[in-house]
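Colleague: Residues per chain, in single letters:
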Amino acid sequence: MKLPPVTTTVSASRVRDFAASIGEDSPVFHDVTAAVIPLPPTILFGIGAELEGDAALDAFGLRPAQVLHVEQEFRYHRPVHAGEELTFRSVASSFDRRGSAFVVLETEITRSSELVAELRQVLMA
Amino acid sequence: MNVGDTLPSFTAPTVTRDGLARFASASGDDNPIHLDPAVAVAQGLDDVIAHGMLSMAYLGRLITSWVPQDRIRSLRAKFVGMTPVGAAPVCGGRVRAVEEIDGELRATIALTVKLGDGTTTVRGEAVVAV
Numbered sequence: 000m001k002l003p004p005v006t007t008t009v010s011a012s013r014v015r016d017f018a019a020s021i022g023e024d025s026p027v028f029h030d031v032t033a034a035v036i037p038l039p040p041t042i043l044f045g046i047g048a049e050l051e052g053d054a055a056l057d058a059f060g061l062r063p064a065q066v067l068h069v070e071q072e073f074r075y076h077r078p079v080h081a082g083e084e085l086t087f088r089s090v091a092s093s094f095d096r097r098g099s100a101f102v103v104l105e106t107e108i109t110r111s112s113e114l115v116a117e118l119r120q121v122l123m124a
Numbered sequence: 000m001n002v003g004d005t006l007p008s009f010t011a012p013t014v015t016r017d018g019l020a021r022f023a024s025a026s027g028d029d030n031p032i033h034l035d036p037a038v039a040v041a042q043g044l045d046d047v048i049a050h051g052m053l054s055m056a057y058l059g060r061l062i063t064s065w066v067p068q069d070r071i072r073s074l075r076a077k078f079v080g081m082t083p084v085g086a087a088p089v090c091g092g093r094v095r096a097v098e099e100i101d102g103e104l105r106a107t108i109a110l111t112v113k114l115g116d117g118t119t120t121v122r123g124e125a126v127v128a129v
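Top to bottom, those sequences are chains C and A.
Residue numbering for the first sequence is 0 to 124, as defined by numbering that gives the first Met the number 0.
Residue numbering for the second sequence is 0 to 129, as defined by numbering that gives the first Met the number 0.
Same shape as in the complex, but just chain A:
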């Protein structure tokens, strides 16, 4: 694992209302802004938006498809854009640093989730033991 290496990116399934309802129920994140268009409109949105945590879960998949899960030391995300119904989030990552931290060689991976139109919805970072 070297600085500049890129993780194989993957495109998540297209966001659907049923998919959001399923994620809400399975994850425990049942904020109505993801489920009820009336609530979303009342908050000034055009429609429901996907959970930020759904995108973050896809980043989790990206990492665990690349390194064994017990090597993940941290995973963080900033939710910087909204993901509407019909979008297909694309997850990617790039190794930004490989260095010894707390006596262990670790890679820091910059992560992004983007939509088809180029909008960045998540900027994140994972730290994994090499």
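Isolated chain C, as found in the complex:
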């Protein structure tokens, strides 16, 4: 099942807040006036989750509190930075194994149609 694509721009202040919340104090992420601010390696997960909401879980009749995040993968193709317009395109699927239901969400992230990163998450109900 394809989710509707979502497009967003991660702001410098969002990068700074994320970095602060994980105790990352490198000036690379905190100087909001810097010309180029890289996105921390795992920030794209929550940015996507926030925009896509619970659409994938809804499709399989699950609520967020019922599932555990069991696997996550990031594949990086191009450096990405604050201020760049990124589009997330996700495909959700599910399977059953040993009595548990699993939901897999695979996401391609593009910038001006160039693939910059791929994410894969596995949730277990």
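Since the hints were derived computationally from the structure, they do not count as laboratory data.
Among these hints, one or two may not hold up.
Just so you have them, the derived chain A footprint on chain C, three or more residues with Cβ under 8 angstroms [said to hold, decoys possible]: (1) 4-10; (2) 31-44; (3) 52-65; (4) 95-107.
A quick note: this is a predicted structure, and the numbers were derived from the prediction, not measured.
From the three backbone atoms N, C-alpha and C, an ideal C-beta is built for every residue, glycine too.
Let chain C serve as the given structure and place chain A on it in line with the hints.
Modeller: Structure of chain A alone, referenced to chain C:
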């Protein structure tokens, strides 16, 4: 960078409810199982648990403290144990392989996050250009 090299490990701050609320808001991962004890108990847990993605973010820090970020080719994690409030996750890594992949010399680094009592909460892997 050679097979068997270990990354300097680091101990993350002790997990607190305020810290989880802050991470939820800053990251966008607001699943109530990390925030609301009643929801956690209803799911059969004793209390809220930390986001797996918080531990993975610490692994990201471990890697970027060691190699420039634009050399990271992939980062993956399996969340194999729960992290309760009060725990202090310890992140570590060890170079498992150095080999040419897609025409580029890359190191594969085995990653772990463990708690003070020895429980492994995350098993992961990063691939970085050497």
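Colleague: Compare the structure with each hint and give your call.
Modeller: So, going through the hints one by one against the coordinates:
With 0 residues bearing a CB less than 8 angstroms from a CB of chain A, the stretch 4-10 of chain C misses the requirement of three and the coverage assertion fails. Remark: the stretch 31-44 of chain C is confirmed as covered by chain A, as 6 of its residues place a Cβ nearer than 8 angstroms to a Cβ of that chain, reaching the required three. Closer than 8 angstroms: that is the beta-carbon criterion, and the stretch 52-65 of chain C has 3 residues meeting it against chain A, so the requirement of 3 holds. Counting residues of the stretch 95-107 of chain C whose C-beta lies closer than 8 angstroms to any C-beta of chain A gives 0; at least three are required, and the coverage claim is violated.
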